[in-house]
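Q: So the protein lines, in turn, are chains A and B.
Note that the first sequence covers residues 1 to 480 in the working numbering.
Note that the second sequence covers residues 1 to 480 in the working numbering.
Treat the hints with care, since some could be wrong.
Identical chains blur together in the list; that is why a pair holds if it fits in one copy or across any two.
[Said to hold, decoys possible] Listed below are the simulated SDA-like cross-link pairs for lysine to any residue, each with C-alpha atoms no more than 20 angstroms apart in a straight line:
#1 314 <-> 61
#2 319 <-> 60
#3 59 <-> 25
#4 247 <-> 325
#5 319 <-> 81
#6 398 <-> 8
#7 331 <-> 392
#8 415 <-> 22
#9 238 <-> 78
#10 59 <-> 41
#11 210 <-> 317
#12 59 <-> 457
Treat the hints as calculated values from the structure; they're not laboratory data.
Predicted model only: the values in this text are computed from it and were never measured.
Protein chains: 2
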Amino acid sequence: MAESPITPRGADFAQWYQDVVLQGDMAEPAEIVKGCMVIKPNGYAVWEVLQRELDGRFKATGHQNAYFPLLIPQSFLQKEAEHVEGFSPELAVVTVAGGKELEEPYVIRPTSETIIGHFFAKWIQSWRDLPMLMNQWANVIRWELRTRMFLRTTEFLWQEGHTAHSTHEEAMEEVLRMLDVYADVAENIMAMPVIRGQKTRAEKFAGAVKTYSIEAMMQNGLALQAGTSHDLGQNFGKAFDVKFQNKEGQLDYVWQTSWGVSTRLIGGLIMTHSDDKGLVLPPKLAPLKSVLVPIYRKEEERAAVLEAAHRIAKETGSKVDEREGHSPGAKFFHWERRGVPVVLELGPRDLASGKIVVKRRDTGAKEPVSQDGIAATLDATLEAIQTNLFASARERLKANTVWAASIGEVEEILKDASAEKGGGKFVMAHIKDDPECDARIKQFKATIRNMPLVDECDGPGKCIVTGETVPQRALIAKAY
Amino acid sequence: MAESPITPRGADFAQWYQDVVLQGDMAEPAEIVKGCMVIKPNGYAVWEVLQRELDGRFKATGHQNAYFPLLIPQSFLQKEAEHVEGFSPELAVVTVAGGKELEEPYVIRPTSETIIGHFFAKWIQSWRDLPMLMNQWANVIRWELRTRMFLRTTEFLWQEGHTAHSTHEEAMEEVLRMLDVYADVAENIMAMPVIRGQKTRAEKFAGAVKTYSIEAMMQNGLALQAGTSHDLGQNFGKAFDVKFQNKEGQLDYVWQTSWGVSTRLIGGLIMTHSDDKGLVLPPKLAPLKSVLVPIYRKEEERAAVLEAAHRIAKETGSKVDEREGHSPGAKFFHWERRGVPVVLELGPRDLASGKIVVKRRDTGAKEPVSQDGIAATLDATLEAIQTNLFASARERLKANTVWAASIGEVEEILKDASAEKGGGKFVMAHIKDDPECDARIKQFKATIRNMPLVDECDGPGKCIVTGETVPQRALIAKAY
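Given only the sequences and the hints, what does the whole structure look like? Please build it.
A: Here is the structure:
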């Protein structure tokens with residue numbers, strides 16, 4: 001048997017990840033454009049499903065899509081002090097256009113709060129114009145030093161929601177509503193359990209008052225920030241002079257939010273479910289849910305097998321893999337590496353017995369089932385796979401979440417974890433939202449990921465750094 | 001009565017166009033980013049319908065979506081001589097990134113033949129890898145001097161198909177197949193008749209062997225190039241060394257195609273159907289097909305009218321305009337300017353008679369119809385509007401297409417046409433595909449638009465410039 005093209009997770013997790021992406025034909029590095037990748041059709045099709053699921057939920061919650069320019073006058077970023085400080089080191093700058101040096105350079109958007117703020121100021125006059133609920137599907141560029149396909153690339157695809165409200169209370173409802181939308185898609189479509197929580201002040205978005213995130217646990221125990229939702233307060237309202245007349249006739253600055261998820265989600269998906277054989281896709285996210293591999297040795301078996309194959313494929317919405325010059329075994333490996341949830345096998349013996357073999361990608365289990373009612377059987381199998389993937393991931397999250405009562409204990413627990421070797425834990429500890437506490441945790445090459453919204457822990461306790469009483473535990477982990 | 005916010009077509013066509021875009025809340029100029037616009041929700045929703053219609057057809061013809069980097073190493077554009085010459089003046093160049101001057105600048109893609117050629121060379125080895133059929137939905141930048149919302153903006157959204165084939169014949173089939181897809185969407189979804197044809201050598205895409213286009217006639221008689229499909233021959237194959245082993249075991253360069261349509265289509269849509277009252281959307285392209293305006297004067301009528309309104313809205317998929325503080329008249333203007341194909345009016349008298357008033361956007365006709373079977377009536381009305389819009393546009397195209405037998409006649413016919421005043425004609429004349437003939441026509445501020453594929457004319461004839469015999473008439477017009 002040929003050596004697997006995929007490095008086992010246990011040997012080298014980072015290499016495994018890259019192998020899964022390449023062997024699943026999801027993406028490849030675009031070495032000629034620093035830190036970029038090409039998203040290949042198999043990867044892009046997953047992104048399309050994610051887009052559809054997210055976009056439907058955005059519209060159902062009253063948002064409309066729009067499109068703002070890619071290029072932002074450099075001076076715009078200066079208008080919000082924290083924002084420019086956070087993004088300046090990562091900007092790509094256009095200095096020449098149409099054959100001429102530009103008087104004012106443009107930056108390629110790293111995010112669009114500034115340019116959208118500019119237009120909100122033109123569009124919003126009165127409380128009647130509020131709330132303004134917009135979303136944009138776009139590419140952005142952040143010049144990152146260390147990149148990894150899907151997880152961190154200099155250019156990435158994302159959606160960015162931008163809303164303006166007449167009260168802080170209403171804005172906060174929006175911030176949490178969209179965080180819930182992200183958690184819903186992560187858990188119920190991607191089968192990836194997440195922990196919703198508030199970022200510490202040190203870790204919040206540059207320009208936000210508060211940032212909320214969803215954090216997922218990868219198979220090596222590392223955390224991945226999978227989505228963020230920001231309470232921007234009146235910061236951008238003041239920076240871009242977005243004022244409205246309230247019901248009392250007074251002028252006030254709007255309260256804004258922004259929220260985004262990106263192609264990074266696909267990286268999280270891969271590191272949540274895939275195995276040493278390659279990609280594993282939850283059925284609800286799989287562009288192709290099942291493939292039927294017809295098996296025949298003799299030419300005289302061919303017509304009968306293919307006829308039944310097409311009948312069943314039509315009934316079940318499966319694709320028949322009729323490629324010539326590939327053995328059934330090669331076909332199985334092909335679809336396995338691409339994460340197709342179910343492969344159906346149909347040979348002459350199955351024809352005789354009225355059966356068909358159903359093979360699950362998640363467990364590897366093979367079972368002959370009756371061809372009668374195969375559509376319903378397949379649906380039930382897909383449902384079972386979706387449920388199993390989520391349950392397994394949740395179980396892993398639970399099993400690798402530990403409590404710590406002292407900073408020494410946190411250090412001890414985090415010591416053995418690394419991106420390459422696994423062994424990472426989510427450590428729940430009482431710790432103060434204070435940049436000095438964040439800095440202390442960073443000494444262990446870890447971060448406070450967030451302060452969970454649903455505290456399933458033991459309520460208030462003493463901060464493991466300062467000794468002060470804090471209301472709840474926070475989530476500490478090494479992260480991507 | 002207040003003055004209309006829309007300049008009549010007859011007074012100033014260019015101003016009318018801008019007024020329709022602004023009053024329809026489709027887009028607005030982004031004056032702070034040269035030549036760019038913001039696509040507002042009403043405009044973006046139309047783009048989403050267009051995307052869905054196009055994307056479904058691309059997939060049905062075997063194409064897959066992928067995503068390639070926005071930034072292209074500047075040296076890539078140099079590799080194809082005509083390509084660099086055509087695009088160099090329009091490039092936006094990134095010279096600084098991550099706080100440092102770049103060793104090699106990147107250009108923002110004006111189109112992606114070069115970077116995709118680079119990857120095709122990596123992915124294609126054998127005839128078994130062909131055809132490779134890809135599409136990308138993306139933003140591109142071309143630094144244009146004179147811009148106009150949707151029609152020509154420095155940044156625009158588009159799709160670009162890129163395919164590689166093992167024979168020229170197969171590539172040519174692809175070129176014409178995708179041209180037909182464009183014509184299908186233009187005519188059957190946008191209700192915009194188009195003339196399919198081949199561009200002259202002088203007007204082809206920089207780097208192509210042949211370019212085909214669909215050309216539409218705007219209401220002022222000017223032509224709009226609404227989509228192009230290119231036979232790239234082996235030009236990019238040679239420039240990027242995209243070789244494959246053919247069935248005979250020999251190495252050969254692939255034959256490539258590319259094809260694209262953009263947000264420009266929305267400009268064509270507006271100038272085909274809209275009128276002095278504002279935007280007119282063909283039902284198949286309208287994100288919102290019908291709106292129901294409830295009418296009541298007294299508070300005691302309100303509940304009964306709204307109840308019936310919601311019942312009918314549910315049955316028909318209409319939106320009920322329940323906004324407070326707006327008169328029914330203001331609501332009618334609101335939806336009229338936004339191009340909603342049908343407005344339903346429902347008042348207390350309609351309740352008593354079991355009727356509802358159906359108002360068509362295209363003809364302005366108002367008719368009371370029975371509430372029974374309103375869903376079917378509405379469907380039939382939408383169908384009639386779609387048919388009527390296409391028929392009107394085709395009639396206009398026919399009425400304004402004339403034959404010319406001499407260059408003097410061409411000049412005479414084109415003399416009175418201008419973008420602002422209208423009066424443009426499509427002139428069909430025998431003319432040679434020779435850059436000198438193109439140059440002659442340019443003296444009249446017009447161009448040879450294309451050499452129609454279906455020549456409904458009189459076969460061969462003598463070129464009006466050179467006197468040589470040419471196989472068919474070509475389409476000459478002033479154009480956007």
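Q: State for each hint whether it applies.
A: Tested hints:
no.	hint	in the structure
1	314 <-> 61	between (36 angstroms within a copy, 19 angstroms between copies)
2	319 <-> 60	between (32 angstroms within a copy, 14 angstroms between copies)
3	59 <-> 25	between (31 angstroms within a copy, 19 angstroms between copies)
4	247 <-> 325	between (73 angstroms within a copy, 14 angstroms between copies)
5	319 <-> 81	neither (54 angstroms within a copy, 43 angstroms between copies)
6	398 <-> 8	neither (23 angstroms within a copy, 68 angstroms between copies)
7	331 <-> 392	neither (27 angstroms within a copy, 54 angstroms between copies)
8	415 <-> 22	neither (31 angstroms within a copy, 60 angstroms between copies)
9	238 <-> 78	within (13 angstroms within a copy, 46 angstroms between copies)
10	59 <-> 41	between (26 angstroms within a copy, 12 angstroms between copies)
11	210 <-> 317	neither (46 angstroms within a copy, 40 angstroms between copies)
12	59 <-> 457	neither (35 angstroms within a copy, 50 angstroms between copies)
Violated hints for the displayed structure, listed by number in ascending order: 5, 6, 7, 8, 11, 12.
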